[in-house]
Amino acid sequence: MHPHDPTTSPPDYSPTAVRRYGVAVVLAVLVTLIRFALLPLVNGGDAPFLLFYAAVMAAGWYGGFRPGMLTTVLCAAVAASFFMTPATDPENETWQAARLGIFVLEGVV
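Numbering (this note's numbering), first residue to last: -5 to 103.
Heads up, a few of these hints could be off.
What the hints assert, rightly or not - Label pairs and their computed distance ranges (CB to CB): (1) Thr10 <-> Thr88: 35 to 45 angstroms; (2) Phe59 <-> Val20: 17 to 27 angstroms; (3) Trp89 <-> Ala11: 33 to 43 angstroms; (4) Asp40 <-> Ser8: 36 to 46 angstroms; (5) Val12 <-> Trp89: 20 to 30 angstroms; (6) Phe76 <-> Val17: 14 to 24 angstroms; (7) Val23 <-> Thr79: 37 to 47 angstroms; (8) Val17 <-> Val98: 38 to 48 angstroms.
These aren't lab readings, by the way, just hints derived from the structure by calculation.
We treat Cβ as the ideally placed atom computed from N, Cα and C, and that holds for glycine.
Produce the complete structure using the sequences and hints provided.
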């Protein structure tokens, strides 16, 4: 990409774009905190993506594709790190990777 190429657009740092991405990050953090609060009620391995779908949907609705993708990546990282059960056998590891992949695919859609 050449800096003077007219076909490339510069990054959007307008207040509106900052607000959209800010809302995406705030939604991911808020849902993560709610999910941690629900941990005594819902085991992480049973529903690791509980509420994260709502955050992705709200971020995509409010901010568009890129903020929705940011929320998808943040929520996938949090769910994989804290709410998915550790894989102890190869079959379980494959299942966990498939669940994570399905979440990311649905977030893209």
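Given the hint of 14 to 24 angstroms, check if Phe76 and Val17 actually sit that far apart at their C-beta atoms.
For Val17 against Phe76, whose Cβ atoms are near 22 angstroms apart, the range 14 to 24 angstroms holds.
Evaluate the given range 17 to 27 angstroms for the C-beta pair formed by Phe59 and Val20.
holds, 18 angstroms
With 37 to 47 angstroms as the target window, see if Val23 and Thr79 comply at their CB atoms.
Violated, since Val23 and Thr79 (Cβ atoms, about 23 angstroms apart) do not stay within the stated range.
State, for the Cβ atoms of Thr10 and Thr88, whether the hinted interval 35 to 45 angstroms holds or is violated.
holds, 42 angstroms
May I ask you to test the hint 38 to 48 angstroms on the CB atoms belonging to Val17 and Val98?
About 20 angstroms separates the Cβ atoms of Val17 and Val98, which means 38 to 48 angstroms is violated.
CB of Val12 to CB of Trp89, is that within 20 to 30 angstroms?
violated, 39 angstroms
Is 33 to 43 angstroms respected by the C-beta to C-beta distance linking Trp89 and Ala11?
Cβ of Trp89 to Cβ of Ala11: about 38 angstroms, so the range 33 to 43 angstroms holds.
Please check whether Asp40 and Ser8 have a Cβ separation lying inside 36 to 46 angstroms.
holds, 42 angstroms
Consistency with the previously given hints fails for numbers 5, 7 and 8, ordered from lowest to highest.
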